[in-house]
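Residue numbers (UniProt numbering), protein chains in the order written: chain U, 1 to 265; chain X, 1 to 265.
By construction, these hints were calculated from the structure, which means they are not laboratory data.
Don't take every hint at face value.
[To be verified] Stretches of chain X that chain U covers, calculated by requiring three or more beta carbons in the stretch to come under 8 angstroms of a beta carbon on chain U:
# : segment
1 : 14 to 21
2 : 48 to 56
3 : 70 to 77
4 : 82 to 88
Positions of the beta carbon are idealized from the N, C-alpha and C atoms, including for glycine.
Number of protein chains: 2
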Amino acid sequence: MSGDSAKPRDGAQAVHRTLALLHCFGDSPQDLSASDLARRTDLPLSTTHRLLRAMTATGFLEQDPDTARYGLGPTMAELGRAAYHRRGLHRAEPELAALSQRTGVTADLAVRVGARAVILVGSSLANDHGRALRRPLHSTALGKVLLAWSDAADREIGTPLTPQTDRTITDPRALGEELNRVRAAGYALNDGESASGVRTVAVPVLDADDHARFALALRSSPEVITGERLGWFAEQAAACATALEVVLLPPNRRRTGPRPVIALP
Amino acid sequence: MSGDSAKPRDGAQAVHRTLALLHCFGDSPQDLSASDLARRTDLPLSTTHRLLRAMTATGFLEQDPDTARYGLGPTMAELGRAAYHRRGLHRAEPELAALSQRTGVTADLAVRVGARAVILVGSSLANDHGRALRRPLHSTALGKVLLAWSDAADREIGTPLTPQTDRTITDPRALGEELNRVRAAGYALNDGESASGVRTVAVPVLDADDHARFALALRSSPEVITGERLGWFAEQAAACATALEVVLLPPNRRRTGPRPVIALP
Chain U
1 MSGDSAKPRD
11 GAQAVHRTLA
21 LLHCFGDSPQ
31 DLSASDLARR
41 TDLPLSTTHR
51 LLRAMTATGF
61 LEQDPDTARY
71 GLGPTMAELG
81 RAAYHRRGLH
91 RAEPELAALS
101 QRTGVTADLA
111 VRVGARAVIL
121 VGSSLANDHG
131 RALRRPLHST
141 ALGKVLLAWS
151 DAADREIGTP
161 LTPQTDRTIT
171 DPRALGEELN
181 RVRAAGYALN
191 DGESASGVRT
201 VAVPVLDADD
211 HARFALALRS
221 SPEVITGERL
231 GWFAEQAAAC
241 ATALEVVLLP
251 PNRRRTGPRP
261 VIALP
Chain X
1 MSGDSAKPRD
11 GAQAVHRTLA
21 LLHCFGDSPQ
31 DLSASDLARR
41 TDLPLSTTHR
51 LLRAMTATGF
61 LEQDPDTARY
71 GLGPTMAELG
81 RAAYHRRGLH
91 RAEPELAALS
101 QRTGVTADLA
111 VRVGARAVIL
121 VGSSLANDHG
131 RALRRPLHST
141 ALGKVLLAWS
151 DAADREIGTP
161 LTPQTDRTIT
171 DPRALGEELN
181 RVRAAGYALN
191 DGESASGVRT
201 VAVPVLDADD
211 HARFALALRS
221 SPEVITGERL
231 GWFAEQAAAC
241 ATALEVVLLP
251 PNRRRTGPRP
261 VIALP
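Please take these sequences and the hints and turn them into a complete structure.
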């Protein structure tokens, strides 16, 4: 928000504020009060109230009559469903379910939005909390894949590389080397860099420009995704990613070259 | 949009514009160009471009690099999924699927947003087009249910009652009488009022205040939903609506009185 304060009040400011308010609900599993929202977006309470009124009137938000707290409204459910179906993501669901069943571990599909990997389909969403899943790029296998197969300029994520565990890569140069390794190996590994005891293998869903349009991850513990079985998990994920390129990309946007070969260390 | 033009430029205008732009995608199954969007929202092209830039930067919209057209972005898919799950709508899916299978006809669940009934779950969404389904209130069984079980003030929908077929109720007084009949009968009927040859029976999902939080409809032709079988279809829908009250409403918001008895003419 603060980045906008120098700009003229040309409407873009209000758009960013509206979107910032909506985003609060992506990060929070429960309804929020007007003062919660003002605090999280760093907006004056009066401005927040004014924006919330407009957003409630159009169904983007909904106010609980008992608690006066706000939640995402029916318009968001409607448009969100349209966005989900129009991107063909419902067609990815059975592919991910089959992959998860075949491997016995969690399978997730994410897309990059700004400086986050956002999980849109997969086992992590199947549970009941309905919490949106936004993950940092630098400390996740999903994020490393999205960065490794992107333009050089897009590799610059600009934010400080916040440590999640003592294994998180926090040095930008070390991250650059890691991304080169990922690209050469054909897969990314997150070995306790987000949470200790969690190991994740990810591969790209590539488009015609050799960009990762999505990242596909298998997640479990190091006892399940052992060093010996790492290659097998990566191959399983890569086979599913190839299917997803067909399911999610139109024919004219699909990769024509060979898939990256999984190269174990 | 025009209703805003007299208001001071206090941010609410930009919010309404942003939401109007997003809404264009709920009504259109395909991507839209900046000039399409300017025309549909009645905004100057320069303003539209400025808002589209802000909306694309945050992932609410996405621009196709080949066609330069806009579509709903990953943030909408993410937040929409959060809204859908947090409202428990995924728990309604198996109930509606079972109802559709038991009756052999289309089963849909809608919520009211402004002057529309918006289908959020059901057979009409299961097909592949991903188009959002917004229906008028006065010419649909879903809409009649949402109006009949609401506060008197909410029955005033204010818009002209546009005819869809020669059977559509277009006189506000006749609609008022129809809503009283619907409430007394415990169900609503749309008998060729939206499209000829289509007959729909709908019942309310009621809350503790006796308001229809959702409307549940069964849709087919008059040859399937015959006069003789109407009662059976309405009873099947009502049984499912009772289950949905449990699935979709927290215990303290649930109806305590008896369910409306289905009274055939």
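Against the structure, the hints come out as follows:
Remark: the segment 14 to 21 of chain X is confirmed as covered by chain U, as 6 of its residues place a Cβ nearer than 8 angstroms to a Cβ of that chain, reaching the required three. Judged by the Cβ-Cβ criterion of 8 angstroms, the segment 48 to 56 of chain X is covered by chain U as claimed, because 5 of its residues qualify and three suffice. For the segment 70 to 77 of chain X, the stated coverage by chain U is satisfied: 7 residues place a CB nearer than 8 angstroms to a CB of that chain, which reaches the threshold of 3. Only when three residues or more bring their CB closer than 8 angstroms to a CB of chain U does the claim for the segment 82 to 88 of chain X stand; here the count is 6, and the claim holds.
In this structure, none of the earlier numbered hints is contradicted; all agree with it.
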